[in-house]
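Okay, so the sequence shown: first residue is -1 according to the numbering used here, each after it adds one.
Hints were generated in silico from the structure; no laboratory data involved.
Do not take every clue at face value.
Calculated lysine to any residue pairs in the SDA-like style (CA-CA distance at most 20 Å, straight line) [claimed, not checked]:
| hint | residue 1 | residue 2 |
| --- | --- | --- |
| 1 | Lys37 | Lys74 |
| 2 | Lys74 | Ala14 |
| 3 | Lys25 | Arg79 |
| 4 | Lys33 | Ile15 |
| 5 | Lys33 | Gly63 |
| 6 | Lys25 | His54 |
| 7 | Lys25 | Ile15 |
| 8 | Lys25 | Phe35 |
| 9 | Lys25 | Lys37 |
| 10 | Lys33 | Leu46 |
| 11 | Lys18 | Asp29 |
| 12 | Lys33 | His54 |
| 13 | Lys33 | Val47 |
| 14 | Lys58 | Met26 |
| 15 | Lys58 | Asn82 |
| 16 | Lys52 | Asn71 |
| 17 | Lys33 | Arg51 |
Pairwise CB distance ranges (calculated) [stated by the list, open to error]:
| hint | residue 1 | residue 2 | range |
| --- | --- | --- | --- |
| 18 | Asp59 | Ile15 | 31 to 41 Å |
| 19 | Pro30 | Glu9 | 47 to 57 Å |
| 20 | Ser43 | Ser83 | 45 to 55 Å |
| 21 | Phe44 | Ser83 | 48 to 58 Å |
All C-beta atoms, glycine included, are put in the ideal place defined by N, C-alpha and C.
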Amino acid sequence: MAAGKIDDLSEAERDAIISKLMNQEAKMICDPLVKAFLKCSQDRSFSLVWACRKEHRSMKDCIEGYHRRTDFNMWKQEYLRSINSKHAKPDYDLFKK
-1 MAAGKIDDLS EAERDAIISK LMNQEAKMIC DPLVKAFLKC SQDRSFSLVW ACRKEHRSMK
59 DCIEGYHRRT DFNMWKQEYL RSINSKHAKP DYDLFKK
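Generate coordinates for the entire structure from the input sequences, incorporating the hints supplied.
Right, here's the structure in full:
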């Protein structure tokens, strides 16, 4: 995205960016579980469906739990605040629990 084009984004495009940022944050918080699932799924194809069921469920529960505990509108407000303050880096640490 080119500089100066951020104001041209539709609300749906901004929401998509915010969702992507939230997913990145959730994956960082759930990193040990993500790594455990990736380790389990290495060198597997179809068998990972049942062999890594426990690891997948743990990872999924962690990421979904993060999304349930996190307020999308607060992320959105922080994102818009950062845009309005000359592209300052958003302070999403405010939402960590």
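Which numbered hints fail: Hints 1, 3, 4, 15, 16, 18, 19 contradicted; others consistent.
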